[in-house]
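S.K.: Chains as they are written, first to last, in the working numbering: chain A, 17 to 452; chain B, 79 to 443.
One or more hints might be untrue.
Distance condition first, Cα-Cα at most 20 Å in a straight line; then the derived EDC-like pairs of lysine to aspartate or glutamate [unchecked claim]:
#1 A/Lys209 <-> B/Glu81
#2 B/Lys269 <-> A/Glu241
#3 A/Lys161 <-> A/Asp144
#4 A/Lys192 <-> A/Asp144
#5 A/Lys330 <-> A/Asp370
#6 A/Lys146 <-> A/Asp120
#7 A/Lys280 <-> B/Glu244
#8 A/Lys206 <-> B/Glu81
#9 A/Lys209 <-> B/Asp279
#10 A/Lys280 <-> B/Glu230
#11 B/Lys180 <-> B/Glu428
#12 B/Lys97 <-> B/Glu206
#13 A/Lys209 <-> B/Asp196
#14 A/Lys383 <-> B/Glu244
#15 A/Lys422 <-> A/Asp370
#16 A/Lys162 <-> A/Asp200
#17 B/Lys200 <-> A/Asp290
#18 A/Lys68 <-> A/Asp107
It is worth saying that the hints were derived from the structure and are not from the lab.
Because the structure is a prediction, the values reported are computed rather than measured.
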Amino acid sequence: MRTPPCLLSLTLDSAVHNLSNITDLSPFPDHILIELFLRTLRAGKLTERVLKLFIATGKDEVFSLIQALNIQVTVTPVLPTSKLMSLSIKDDEIDIVIGALRPDLTSFMNEWRTIFSRFHLIIVKDPDLKEELKIPEGFNLDVYKKPDIDRVVGTSTSTIFSGYSCRYFGYLVSRKKYIISVDDDCYPAKDNKGILVDAVAQHITNLTTPATPFFFNTLYDPFTEGADFVRGYPFSLRSGVQCALSCGLWLNLADYDAPTQALKPEERNSRYVDAVLTVPARTLMPISGINIAFNREVIGPALLPSLRLGGEGKFRWETMEDIWSGMCVKVVCDHLGLGVKTGMPYVWRNDRGDAIASLRKEWEGVKLMEEVVPFFQSVRLSREATTTEDCVAEVANVVKEQLESKDPMFARAAKAMVDWVKLWKSVGSSTSSPGA
Amino acid sequence: MVEPATATQAAAPVMPQLKDELDIVIPTIRNLDFLEMWRPFFQPYHLIIVQDGDPSKTIKVPPGFDYELYNRNDINKILGPKASCISFKDSACRCFGYMVSKKKYIFTIDDDCFVAKDPSGKAVNALEQHIKNLQCPSTPFFFNTLYDPFREGADFVRGYPFSLREGVPTAVSHGLWLNIPDYDAPTQLVKPLERNTRFVDAVLTIPKGTLFPMCGMNLAFDRDLIGPAMYFGLMGDGQPIGRYDDMWAGWCIKVICDHLGLGVKTGLPYIYHSKASNPFVNLRKEYKGIFWQEEIIPFFQQAVLPKDCTTVQKCYVELAKQVKEKLSKVDPYFDKLADAMVTWIKAWDELNPPTAGSVPNGKAA
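With the rest of the complex left out, here is chain B (with noise of 0.2 Å):
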């Protein structure tokens, strides 16, 4: 039986890093009172709240928290018609938090996740290990079998070439999560009472070509090398599918990895998921996705980017033309979706000029 941590004050670090290049992005529709579990770890951080669902509700954030709040008026507001690329009723919405960041790095967590305990019974300073996991290069181009190469008391094994020993920088880094697993719904209504309790003591590169079903629930990735990607496309309200936000992403980001030479890690830290949401609801919402996702793999699997795409920018917009080319015939979804795509690109590059004199973000492979 796992259970969340509960001294988390002892386990918060003296000095907490990179506290001014980091902004934690919390996307959320009721109250944020898991904040008060994770306040020794997250107080020294800015939030951005990216309020979902009815503006007119007021979201109580607990004291002594220094903090952005958006809700749908001031999207709006801020981004006018190209608000429509942000999605409503859905917590897809919390991209728009990465968009208005001004900071290097984001870590984004949802409202119902809290503070993990590993083996020892010691607190797990999620935020610590993301931010050592992006610190820390990636090695996707061969796989090591002892995982993480960086991690203290572990290295590259026998056999690995020392050409491939620097890594490639780390874009993203996918925790992890206990007690409830994040599985799809027909999963859900066949295991109910499935716990993840088995604490995987491990960081790893996801390798070149391999795609995976990236999580939005605890989730840091470096805006600078990757955040035009993070876009967590249009779900919710108005839109025939849910809960494949943070899985479209996932995809996009990690072929755009691929191809710009950057690094996506799986793995520690862990955070305590303590809701199941309703499995029927969730049936609902992604019952379209189920078949689709079927269709788009391969897409992806097989997507190719031009090697002149040498900015995430451009290599995110070439992808939503070949999403727009060989995904419409699933359906005129995917043709929405491309032009979302587009938008949220350029709403991106308005609110995030960039500054002059600046390099493509990566090389393409």
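If we strip away everything but chain A, and leave its shape as in the complex, we get (with noise of 0.2 Å):
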């Protein structure tokens, strides 16, 4: 039997694990110190920040360490954001999601510590998937697996969370404004010049930068450097709207229907669009979950586990949950007068999955569709409807009303959702403020 790891040893990973909140490491003796020195470097998070927090204790021993191993204070190369991200984002306002519908998360993890190493990681277990899961060291995570989600919300409801859905369970317990989210199989992307795609940069720029969706800007988002508002764009839509959701894309295996990847087995998608742009009010699209972000604080319950497929599967062209999902909440946004961003940052899709296996599960998840959208489309929100979670239960009102006739299916997503209101306002933190 292993010898369990002595307390010392269990406070300095506790030490790593929460080196975004350390501000000062003077008060640790020196031989700790060098000790979690040598453990935040295993951990890959020696950033810029922590290194200077070593090097202001002032001790030799840190010194020859640096000088020894040749660590050089190098800038962050960071990706052009905005300006804005740099002043008024603290890594502690964001909660990284994902969800795990395979156990092995190692190369995962691994390819995305650089970015995700800084924040606070939920990693929720899909709970049908019966094996261990595997999740390297170094990041301040948690991890909540079947059992917890049964002890948070009951054994009858937690089966909304099975498959791809288990991330909403992520968003339901997280505390933070933002949260990003991305599928299992994805892997940071590389971007026209070859560097690395720091996703999280972009999402919270996008998030944290204005949305215009009354009046389309021809030359993309007027925010980003380099551009601005072209002329005959009226100066009193210049200001834009709160952005509450930001729709990321996908190199390599783009996120296409089993129908469509059958039929053109080879076709990857290696077109790095340079553009993030505002969907404009009242247009409806695809929103998928494989690669997203949003503001919890604002929009938080109305991204929601309701549409399952009767076939449902662990592949994205498996499932359409995602899609209505983005329905509702792009239904909201307009009504709350929120923008959705759409564009980069890209994302690097694996290649997985047999879409010819995967044609005859989905042919639901098609013929829905159909329905799906000339139906929202056409809702129109109350007055009355001033917060997401009013929103919402609207949206399940008249799905209920038109819908239920039509498909079972869209009698329990209805329900799903007025379920999930209410769950969000027992478990979920403080409720979103009202719309514009």
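Assemble the dimeric complex from its two separately framed chains, guided by the hints.
M.R.: What follows is the structure, given as structure tokens:
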């Protein structure tokens, strides 16, 4: 039997996990400082800020270690993001929520380490997954498995979190302002210049700069560096509205449905489109859950697990849950005067699954969209719906009234939406502020 | 730092597409030296040159181009009293070229626009891309997150209803500009050094119900589908406003395209815009427009065309009526403009008599 780790070791591990909250290392005794330094290095968490903390202690041993290892203070190569990000967003306002549908997250986490390690992560294990999760060391994270989910919402409710919907549990228990979520089969992408894309930074930039849904800007995002509003853009609309949702894209395996991918088995997306744009008001689109970020305080309850296909599976092209949820979110955003952006950041989506095998399962999803799209295009919310929860409840009502006769799936979806609002109110943290 | 392309000959297509179905309309007041740069791409096509300003001046056209040229005297002769609807001392006069053309497609470009380079350094054949845009369907009813699904290497994403994947005919292809961006005067004054160096490799359909600022610098359209709505308004000499010609046309065509179920695309191709006009001169021209657009845009956003408007001309005349009713109170200019819009349609129909048994272009939404 292995000797359990000593208290000191556990403390040091905890310190490494909570580095983002440490502002002063001078109280540490020298030998502990060195050990902490080495563990931080091993965990891949020696950022410029942390290095400066160590240097600020003034301890000779730290300096000799830095010299011996030839560690240099380099300017962290951040991608061109708005200056706003570094000024007003603290790392502790962000949660990264990962739904684990596959047990071995080692390569996923390691590939994302340089980008994710600053932040707190919430990993939710698909309750249907039997194997143990494998997660590498060095991250500040909370892992939720079926027993945890059962404990928080009850065993009968926990079924709503099966499959890709497990991530919604993460949204529910998060207490942060911004959430970023990517599928567990996606890695960081490289842009046209070969530089690694910091998807988190780009999503945060999208969420913290205004959106412009009321008039189309032909030079795309006017708040990005090197761009602006074009001639003919009304000045009264140039301050924009708050952006609630940022939808990223995917290189390599694009988010196609099974028939499309089956028809073009070799097709891979290699086009990196250097743009972010606001999706105009009242324009709907398929919002994919593969690479998404949102302002949880403003729009949290509207991202919800509700539509579940009869044959829903463990590949994206065997689901429609995110598409359905995305329609709700867009309708709610349009009603509350919030913005939705699409475009960068890109992630690299790995090849996985067999489109032809999935054809049979997703066919019902494909058919459903024929009803779903015209339905959402016609939804109009009442003036009294001023909070996100109210909006979601109203959408649920309309779904029940208009769609339940078409397919029992819709009736179940409507009920799930109503239940979700209740769950959000009881378990979720402070609810959203009224919309504009 | 972006630069215009120089090795254009290498990029010219062996078989120029649609050379008998497309006219290139160019307004000019100075000279047409810029055509030398475009020669490999433009030479197979017929040019319609609309000479603005002093008609006694001779505009030199580089040799080897097949063209017709109209100055103010020609415009007055051809249209008679109806010539009042064509602007003078403003590039808005270019719409006269649309009217006299007999081709299906129009490509219009400013005389300070050159060939751009894509990120790989290759010269961009703007004409070829516009033709592709116009010949592929648009998808205005539902937004595709991977942009134009008909481009090579792209498709409709998961969740896009199959019933909407056929798309609708594309009426307008709106291209963009590298180097000097199309900013208004206030923005130019604040950012005189800003250059557009971002090559966004996308074409997308502007969704139904969404208006946009249409720039006439790099524009192509299907004359059969939307031609009569491409009136560039009353600008320039004797008018209280300038630099809103293309904007006005853009708002009109978008409302009409939305009504008739036609598509408008924006994005590629890029051209290289070389000259920044004087921002103080621009400010004087645009000044009124900057205030008026606050009223104009809600007007267009709320404009509804009745179901019996099944042709572009009917839609346009109806729109003119609504302009007179609702915008005259903003300024008497709009009263004049509404009249000019009707005059334009009359002139259009005179020069382009409908052939026997012609069908309405597009169907009302």
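S.K.: Any hints from earlier that this structure breaks? Give me their numbers in increasing order, please.
M.R.: Going through the list in order, the structure violates hints 4, 8 and 15 and respects the others.
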